[in-house]
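Protein chains in written order, with my numbering: chain L, 1 to 391; chain C, 1 to 391; chain B, 1 to 361; chain Y, 1 to 361.
Hints may contain errors.
Think about it this way: if two alpha-carbon atoms lie no more than 27 Å apart in a straight line, the pair counts; the simulated DSSO-like pairs of lysine-lysine are [stated by the list, open to error]:
no., chain 1, residue 1, chain 2, residue 2
1, L, Lys207, Y, Lys34
2, L, Lys384, Y, Lys241
3, C, Lys245, C, Lys117
4, C, Lys384, Y, Lys241
5, L, Lys60, L, Lys117
6, B, Lys34, C, Lys207
7, L, Lys384, B, Lys34
These are computed hints drawn from the structure, not numbers from a lab.
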Amino acid sequence: MTAAPAAPAEPEDLNALDDEAFRLHVRRWIEANYPPELRHPPKRLHWKDNKVWYFKLAEKGWLCPGWPKEYGGMGLSPAKQIIFTEELERWGCARTNDHGIVLLGPLIINYGTEEQKRYFLPKILSGEHIWCQGYSEPNAGSDLASLRTEAVEDGDHYVVNGQKIWTTLAQDANWIFLLVRTDKQAKKQEGISFLLVPMDTPGITVKPIINLELHDEFCEVFFDNVRVPKRNLVGQINKGWDMAKALLGFERIYLGSPRQSAYALKGLRALAEHMGVWEEPEFRDRYARLRLDLEDLKAFYGVYVAKLRRGETLGPDVSMLKICQTELFQRIADAMLEIAGENAGLLGPIEGNRDLNPTGLYIQARPATIYGGSNEIQRNIVAKNVLGLPG
Amino acid sequence: MTAAPAAPAEPEDLNALDDEAFRLHVRRWIEANYPPELRHPPKRLHWKDNKVWYFKLAEKGWLCPGWPKEYGGMGLSPAKQIIFTEELERWGCARTNDHGIVLLGPLIINYGTEEQKRYFLPKILSGEHIWCQGYSEPNAGSDLASLRTEAVEDGDHYVVNGQKIWTTLAQDANWIFLLVRTDKQAKKQEGISFLLVPMDTPGITVKPIINLELHDEFCEVFFDNVRVPKRNLVGQINKGWDMAKALLGFERIYLGSPRQSAYALKGLRALAEHMGVWEEPEFRDRYARLRLDLEDLKAFYGVYVAKLRRGETLGPDVSMLKICQTELFQRIADAMLEIAGENAGLLGPIEGNRDLNPTGLYIQARPATIYGGSNEIQRNIVAKNVLGLPG
Amino acid sequence: MSEALAGTEAERAESIRMIRDSAAAVAPRGGDTKRIRALRFQDPGYDPAVLRRMGELGWIGLRAPEAAGGAGLGMGELCALAEELGAGLAPEPLIPALLTATVLARAGERELLPRLLAGEIYAPTAWQERPDTLEVPGSPDAPRRFIPQAAGAELFLLPVREGGRIALYALPRAGADLALERTQDGGNFGTLRPALGEARRVADDAGALLAQALDEAALATAAYLLGVMERSFGLALDYLKTRQQFGRVIGSFQALQHRAADLRIQLGLTRASVESAAAALDAGAEGAARRAAVSRAKARAAEASLLVTRQVIQLHGGIGYTDEYDAGLYLRKAMVLANQFGSAALHRRRFLRDAPEGDEE
Amino acid sequence: MSEALAGTEAERAESIRMIRDSAAAVAPRGGDTKRIRALRFQDPGYDPAVLRRMGELGWIGLRAPEAAGGAGLGMGELCALAEELGAGLAPEPLIPALLTATVLARAGERELLPRLLAGEIYAPTAWQERPDTLEVPGSPDAPRRFIPQAAGAELFLLPVREGGRIALYALPRAGADLALERTQDGGNFGTLRPALGEARRVADDAGALLAQALDEAALATAAYLLGVMERSFGLALDYLKTRQQFGRVIGSFQALQHRAADLRIQLGLTRASVESAAAALDAGAEGAARRAAVSRAKARAAEASLLVTRQVIQLHGGIGYTDEYDAGLYLRKAMVLANQFGSAALHRRRFLRDAPEGDEE
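Starting from the given sequences, assemble the full structure and let the hints guide the process.
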């Protein structure tokens, strides 16, 4: 791939471009418009820091690559969405507060009423509503069957009581979409519904969780007799989990994107050069193994991208990508720590150089195998749903 | 440790020697008496090949280190038994057909009648009875609860029907000791009894199994209405498994002896020199890891030997040694195969040199993690009986 | 040979599907271990009639140009074929036979070629002077080692350095100083002491062609190993689903489930690696990029095939260690092929040397 | 120092048991993370009063000869103590303080020594000029790096090469060019630019003593890491036994059980490695054998402590990733200490160089 030539006029239909042209077109715009000081942020950014980028995307009409054009999205094919994401990742663009874009929007588009579509979608596009996602609970992480936050009918309202956890950037959001239990008798994932709730409703308390990065990316959100109008229910009552699950499928390939490991491997190389071990044969063999793992991960990822390109849907085997990617990321981070000498103990980067940050990466790599369905759960899925093993 | 000086007279009480003196005494005798052509046999030897060594040991009175002196054994303390075994392993002595010595003898000494002791023990010491062990069954390898070979009372006989498998050197044996089910109603390991059966009893068929070493070390043994006199029952009826299990404890530390891995690591070094990779830093790092694993395994093994020396009994944590030892052995064998180039495909040793036998070792290492309770079972034991994790 | 193959993606996929189908007729996936066992541990270690049949099907000439009587197909097709043969454990030396035929066809030799393409004569290339190498020194008198299934050879193709070039000689088996050693899979390796007096020169300058063909053989071997892994894993999967212990099917134990998942991931990575490397070659990758693609696939296949085949023994427990059970056949085949045309260590080193670094690789 | 300690096996065991008991009073096993948290991320990163208490208990002088006011105890005692401190995550720089005191005591210095032994003054040795080394170049002006808990130092001990010898200088903190960096565990590393004009020479020829004491510090650090691993693993074990998911205690899932078993094995190996190394030193091992024993233990502890502490995060899932939960404290402590006094890679190389080969090792 070569450097982008001079910019042509904006094409009418981005989907009509061939993949390479589309990629270059997107790349050019990102490189010209992304705030350079926000490249490769070491931590997830808060709204106050990333909104400039959110609004730039919104202004360009590129905020919602996956939404249909009629709702203000780019209407990109799955293959083009992947390229779009790859280009964002390649340039080290920060994730925005994107739960409205990635999860809620598609859900409303698929299951919402006309009124919900008209009310909520434009406010996501404008940045007026910033959403957060209330799925996980203290006793229901990978196990939604144990969901306990409940919504009880009371006239034309539901009354919500309970607690959510690992709610990403809840302190930045003014709305939350929730999975709540509406039928206590129902078994397993039945009896769960999907509710939209303004964060300023009385009875909601947000408590940030400081994580090992010493960052408050996640929150606990408490619900104490929170009254939610019934019109804020999306889709059928007691069918919330089915809807939510249907939308997780497409997200899963992103957890397997090799970009994170590719970025980490560059960091490993830079660190090895800094530490003077780059030319050591012991290190080179280890590095070669990691590079080969990365290249094979890219090829493996390519298999799934090709499926999307052919219009196929992804099966449970995409879990394998997530396992590969996250564990490779960790092995690279582990290698960084091991060659860093005493720098492995520093709280910040080496000599203040953000490209030499073994400890930051080591800690950042820890949750990769936990979130998005822990790798233990992913292996269960592979065993049962791919290999057909019992129980 | 230095070379042995000139031989002193045979001491009266070997237990009275200090450990170093005992070790040298044993070493000297082994080096002088062990048939050199049988050192480090690549495969388990048959009776016709190893009986010369059996008789040498018998003649010296050293056949049964663990038996009390009154029954013709050496009466060694556990610590001295370990030294004795270490010295046999160090010199690469072949295992004899030792099931009578190691397993049956102690069982009869502990649980047998006076008549059984008087009849059977001398015939083990003389080599007249060569025993094999009938525990495993096709559907009860690591799972004795599933034992199906049954013994039904008929007058003063039991009638045995069923099948044993993985019976080591059954084709060499003239007696077999059996675990049989005598109570079908009993649960789990209850209802199992211990029977002694001459191999020439009508209804017994022995079928050797060719293993991946292309060797017939193991056999299947079939029982078709085999009549066994009731006097051949050892211990209480339906308590056979308890007795058998009590004797396995002491055996387990041997499965964790570092000698096998130490021998393999020497082979790895010789192969690395032969292949010209000995000086390569990539190889040296790998070799260093394996050597460190071996040295730490030796230290870990030492912890258990020290316990025995202090007269303590070994708990379920000794399973950890077996896991460490067998998996290290395999990793060394794997490394050999990987550096062997195309020699990794040879059926025999490289250039006929028995010290350069990567494929022999690679295949030999496979069952190490299967026999003696598979490593999966061992990990279950550690989790449940050492760490107290639930069922 | 380094030019991109013609055809759309769909046409390529169809061509690859066809070759798989035809392979299944000769070497059914894991279906004929009785035949495999009957041929083990005796000379020549394979069935010459089956090798002839492979010739008739155009497989030996699969990579030879159509003008030379070959099929002119791509690495995609060769890898698909090799994978099927691996899954069927076919002991016939197709890859060495194809190596010789490809080199001679590309070098313009036309006299021997027809009989080689037809599988009438098995003529392995005796290029290797030491273990674990892809280099061809071409010493006139150094013994040539590790010649696959040499017991069945009628002729050896002998690369010999003459000045700066590698010439090729054809040396008849009859009268040649050939020593045979049995291999784990029941076949054999030959060691040949060259005697050029008996040999006939058949090509003048084939060094580059040979290097290229050795790389293709390395990639095809990776594909063969992929087939071996897959069938081996399939055996374990069947066992996990049927074997009972402690009153449960053992495949319901989570530790075994997770191990099976990890092996399945290795299969996925190996397939992606081999197929993307084949696609890169068929798209015209040259020089360092070509070598890097091959090395990546071979390094993966070598390591993963050893891992999978030995873990499959472990998943079976005792029965996996019997020669009667088929798991051992796959283990032994992986032992023979893992390091052929370069070990994982060799290919890792070569990959790091040749692979482009940076964002756009 | 390289002479064997007196005492029977039982006497040694009793002495080691006593030191463990006294440690528990100051640094209860995993019992006081509130104190630990209160000291994090502010200077000096530990409690000077606790360091003084350690001095009063004779810990700083544990390895110093009795004639010099020390306790003259063995590495067995030091490792037991360090292990307890690790289990309690004690942030007080006992090992660096002991390093300085031991070197000065053995070198015959008696002026500073009493206050150092008493813990009144913290005087780390500023020996390190680059990361991941055990060598002491003693350049007069090169910055000395990675000085543990330097924010609390009143004095630095500065090794300086003079001719073929390493002399020791005492450099007061006041006025010294010292830069501080925070560490993951909430403590700090100092970088000191030496200014010998302000320093006073306190020993003439301490190179060999320093090398020996650095090895002892490396082994003590391995023991500290053993304690860290043990408590970290204990946390996970408790969690596995209580946390419910899918209607079951998660410790009943076999995949987690097997992982826990593997971590327990690493604990067993690390303990065996550290204790056998300490015993070897106490039995009088010298030179290469002494270095090999230390390197073996430190290599194991470095790798195993990183493995265990990060696996413990994984076994906890989300909660393990919160700063509020204690699992992270152990992870961070292992990050700081794993490579201190030599990384696993450095010690593996040194082991291979120094360890005797052969049957009787």
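Checklist entry - For the pair supplied as a hint, Lys384 of chain L and Lys34 of chain B, is the alpha-carbon distance within the 27 Å limit? => result 32 Å, violated
Checklist entry - Straight-line Cα separation of Lys384 of chain L and Lys241 of chain Y no greater than 27 Å? => result The given pair, whose Cα atoms are some 25 Å apart, holds under the 27 Å limit.
Checklist entry - Between Lys245 of chain C and Lys117 of chain C, does the CA-CA distance stay at or below 27 Å? => result 20 Å, holds
Checklist entry - Between Lys207 of chain L and Lys34 of chain Y, is the straight-line Cα distance small enough, at 27 Å or below? => result 21 Å, holds
Checklist entry - Quick one, are Lys384 of chain C and Lys241 of chain Y close enough, alpha carbons at most 27 Å? => result This hinted pair holds, its Cα atoms lying about 11 Å apart.
Next on the checklist: Lys60 of chain L and Lys117 of chain L were given as a pair; does the straight-line alpha-carbon distance stay at or below 27 Å?
Outcome noted: Since the Cα atoms of Lys60 of chain L and Lys117 of chain L sit roughly 21 Å apart, the hinted pair holds (cutoff 27 Å).
Item to check | Distance restraint between Lys34 of chain B and Lys207 of chain C, which requires alpha-carbon spacing of 27 Å or less | outcome: 21 Å, holds
Checked against the numbered hints above, the structure violates only hint 7.
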